[in-house]
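Just need the whole structure built from these sequences, with the hints factored in.
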Amino acid sequence: MANYVGMFLGLILASVILIGIVMFVPSLLLPTYIKIIIFIVAMVLDAMAFSSRYYSYLLSPMLKQHKKHLVLSNENPYWVAQSGDTILRKSGEDFIATVYISIPVYRSATEMEEEDKLDFAQQISRLVGLSKDPTRYTTELYVMNKDSYIQQLRETITMTENEEAQLQSNDAPKNELDRVRGKLAMWRNMLDSISKGYSFELSSYITVSATGTKEYEASSLAQQKARELMSGVGSLFGVPPSIITGNDLLRFVEPEYLIPISTVTEQISKNIQEQVI
Amino acid sequence: MDDAKLVLLLFSLIVVMFGFIALPSLGKGLLYDIGLLILLLTAVFILAMNWVDAKLFSTITSIFGITFQPAKDYKINKQQNAVIKEVNGIFYTTGFITANLFSYTFKEEAAPEDDEDKMINAPETWERMVMNINFPFKFHVLASGLDVQNIRDELEGKRSYQEFQLSRAMQNNSSETAITDIRRKMSTIQAKIDRISAGEKPIATLMYIETTAIGVSEKASIDALEGQINQLRLSFSSLDVETTRVIGRELYSLFNFNFSIPTDFKQLANMFDQQS
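Respectively, the protein sequence lines represent chains A and B.
Numbers 1 to 277, taken from this note's numbering, label the letters of the first sequence in order.
Numbers 278 to 553, taken from this note's numbering, label the letters of the second sequence in order.
Worth double-checking, as some hints may not be accurate.
Said to hold, decoys possible - Result set (DSSO-like, lysine-lysine): computed pairs, CA atoms no more than 30 Å apart in a straight line:
hint, chain 1, residue 1, chain 2, residue 2
1, B, K282, A, K68
2, B, K395, A, K132
3, B, K462, B, K355
4, B, K543, A, K132
5, B, K435, A, K117
6, B, K349, B, K543
7, A, K90, B, K395
8, B, K543, B, K435
9, B, K435, A, K132
10, B, K332, B, K282
11, B, K282, A, K132
12, A, K64, B, K349
13, A, K183, A, K90
14, B, K352, B, K362
15, B, K355, A, K64
To be verified - Covered stretches of chain B, as calculated for chain A (at least 3 residues, CB under 8 Å):
hint, segment
16, 325-334
17, 427-437
18, 450-456
By construction, these hints were calculated from the structure, which means they are not laboratory data.
We put the beta carbon where it would ideally sit given N, CA and C, even for glycine.
Okay, structure coming up:
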């Protein structure tokens with residue numbers, strides 16, 4: 001039975017009972033101004049009952065929490081399986097395992113003839129029809145992770161600044177000071193050009209999920225579906241698709257992995273500097 | 278409208294009818310008028326919820342300033358059109374638009390010339406479009422195989438209807454254009470039936486675009502998201518795509534799709550019936 005059915009029946013029943021009270025309880029026992037309040041509540045419950053078809057996930061917290069910020073869940077939306085190749089989440093008593101498959105297709109339309117282009121478009125059509133189960137095909141454009149490089153540059157700049165300060169305090173010769181200042185200018189220019197704009201990467205991948213009563217059951221079912229899809233993709237495009245593992249998985253799940261943090265902060269501070277200037 | 282929704286609509290309207298019967302119990306005068314007004318508002322609300330539930334519900338949450346936490350560290354704004362996550366003082370806001378790129382076509386159908394041209398130009402148009410976008414986005418195609426027998430029955434029903442239309446058009450001495458049009462529809466349906474008979478799987482697709490914007494405040498990231506969504510809509514117009522901003526419950530479903538997708542078609546079909 002669907003989740004909303006219980007809520008719908010409960011709300012409809014409550015609404016009918018309240019209307020019954022309005023109809024059958026004499027005005028001597030229940031004044032009409034109380035009856036109108038009960039009547040309004042009955043109608044609100046009726047409207048909520050119909051809304052429960054799609055909004056049962058919101059109505060229940062609305063009724064319980066009485067706050068403007070409703071907490072539907074306070075838990076992490078997923079966890080990564082120990083094997084590092086599956087994302088797991090709980091749905092009621094069951095577990096849902098999700099596997100991501102990378103499609104390494106590196107072809108450009110600029111190097112295709114008319115016929116190749118038509119073939120490629122038809123290959124994509126066939127790819128979409130590969131599986132009978134719901135399967136998601138995605139192309140993702142994301143910002144290249146230059147975090148470690150930017151971090152390294154920042155550390156080098158700090159070290160060179162320290163070197164410059166030390167030389168100044170030790171009354172070092174001018175040519176030595178100029179050399180360090182030149183080095184500093186070079187690293188600063190480098191950081192400037194690296195963080196001037198984003199560099200992008202384009203990836204294509206397939207998502208497939210499976211349900212099981214145990215974690216390992218869901219995982220193995222999802223992996224099985226993934227293997228079937230991989231053989232289909234392999235024969236269609238002639239490329240070796242692979243199951244995405246570890247940190248690479250997070251790029252398809254978490255928004256902060258789409259735009260890495262150091263790249264973002266560098267870009268934001270740059271924008272602010274430009275606005276100030 | 279699916280059967281479950283129809284049953285719910287019927288029951289909810291029956292309760293409104295009970296309300297009409299109970300009205301005289303409120304006496305005459307102002308209370309009666311208030312009761313009547315409440316009844317009418319409830320009926321209008323239920324009927325509106327039936328067709329534009331996402332817009333209506335998001336208007337209610339906007340008016341009352343209600344926000345949601347769908348999972349730890351995530352927030353859905355009061356307009357229910359964006360999912361926000363704060364990481365180290367940076368706000369990442371994600372929005373969705375549906376973009377049905379093509380309806381699945383059967384290759385034996387005699388595709389009009391311009392459709393084939395579109396297919397040839399599609400890879401290049403796509404590449405040009407991606408090169409002009411300077412922010413992250415994901416283009417998703419969620420596909421699911423359909424029940425072959427159901428689709429076959431449906432197609433045979435459509436063919437019978439077209440046959441009936443054709444015989445009526447011929448009896449009424451309709452114009453040659455009308456008869457050709459019916460015959461063309463019949464041959465398209467027949468091609469689909471033949472294709473299914475040859476072992477082809479019919480599929481249903483749902484296509485949507487997801488984009489994430491950043492900002493130093495919630496407002497800044499939402500503003501940036503609006504800009505990105507407008508640019509995506511403009512860019513995808515070159516691919517002849519109809520785009521619709523996803524709000525309300527469908528946004529919640531698409532947010533959940535980032536962590537798991539539905540495992541059967543029925544589940545998927547129940548989630549999306551209007552905006553997509």
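>> When the structure is checked against the list of hints, which entries are broken? Sort them ascending.
In response: Violated hints: 3, 5, 7, 13, 17 and 18; rest satisfied.
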